[in-house]
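Per UniProt numbering, residue 1 is the first one in the sequence shown, and the count goes up by one each step.
What the hints contain is simulated information worked out from the structure, not anything from laboratory work. Since this is a predicted model, take the numbers as computed values, not measurements. Glycine residues also receive a C-beta, built at the ideal position from the N, C-alpha and C atoms. A couple of the hints might just be wrong.
[What the hints assert, rightly or not] Under the rule of at most 27 Å between Cα atoms (straight-line distance), these lysine-lysine pairs were calculated in the DSSO-like manner:
#, residue 1, residue 2
1, Lys10, Lys75
2, Lys17, Lys78
3, Lys25, Lys83
4, Lys87, Lys18
[To be verified] Pairwise CB distance ranges (calculated):
#, residue 1, residue 2, range
5, Lys3, Asp97, 24 to 32 Å
6, Phe93, Lys17, 21 to 29 Å
7, Met54, Gln2, 29 to 37 Å
8, Asp99, Leu13, 38 to 46 Å
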Amino acid sequence: MQKLNTEWSKETLETLKKMSPLSLKVTLEQMRQGAVKTCAECFQMEYRMATRMMENPDFFEGVRSVVVDKDRNPKWAKRDITKVTTKEVEAFFQPLDKDQELILYPSATAATEKEE
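Build out the structure end to end from the sequences listed, making use of the hints.
Next up, the structure:
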């Protein structure tokens, strides 16, 4: 985006710099994986991600900075996106314990698959 050097690219880059580096990398991986998954697989992936994201300190820091203190000055666990490891990102996509996994019923899954 820096190379584009447009007003939009500059504004977007500044916005992204304020976001959680971990969340940015997880979101990018989500888009990459989701592009080749079925709708049901995406539901499963998103549920796992959301469950793990709510266990992450950056989630609470984001809520604190926007909702609680309203200072809009979050202190992310890792401030540099290059410090977020592949292992950390991959952890968001791993299966949950069996009793925590999202249950999709066949009729709902079949209906969403027909729409694709």
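Each hint tested on the structure:
1. With a C-alpha separation of about 22 Å, the suggested pair Lys10 and Lys75 falls inside the 27 Å cut-off, and the hint holds.
2. Our distance criterion of 27 Å between C-alpha atoms is met by Lys17 and Lys78, whose separation comes to about 12 Å.
3. Using a Cα cut-off of 27 Å, the hinted pair Lys25 and Lys83 holds, with the two alpha carbons roughly 11 Å apart.
4. This hinted pair checks out: Lys87 and Lys18 have alpha carbons roughly 23 Å apart, not beyond 27 Å.
5. As the Cβ distance of Lys3 to Asp97 is approximately 44 Å, the hint placing it in 24 to 32 Å is violated.
6. Evaluation of the 21 to 29 Å hint for Phe93 and Lys17 yields a pass: the beta carbon distance comes to about 25 Å.
7. Between Met54 and Gln2, the C-beta spacing of about 33 Å keeps the proposed range 29 to 37 Å intact.
8. A hinted range of 38 to 46 Å holds for the C-beta pair Asp99 and Leu13, which are about 42 Å apart.
Hint violations for this structure: number 5 only, all remaining hints satisfied.
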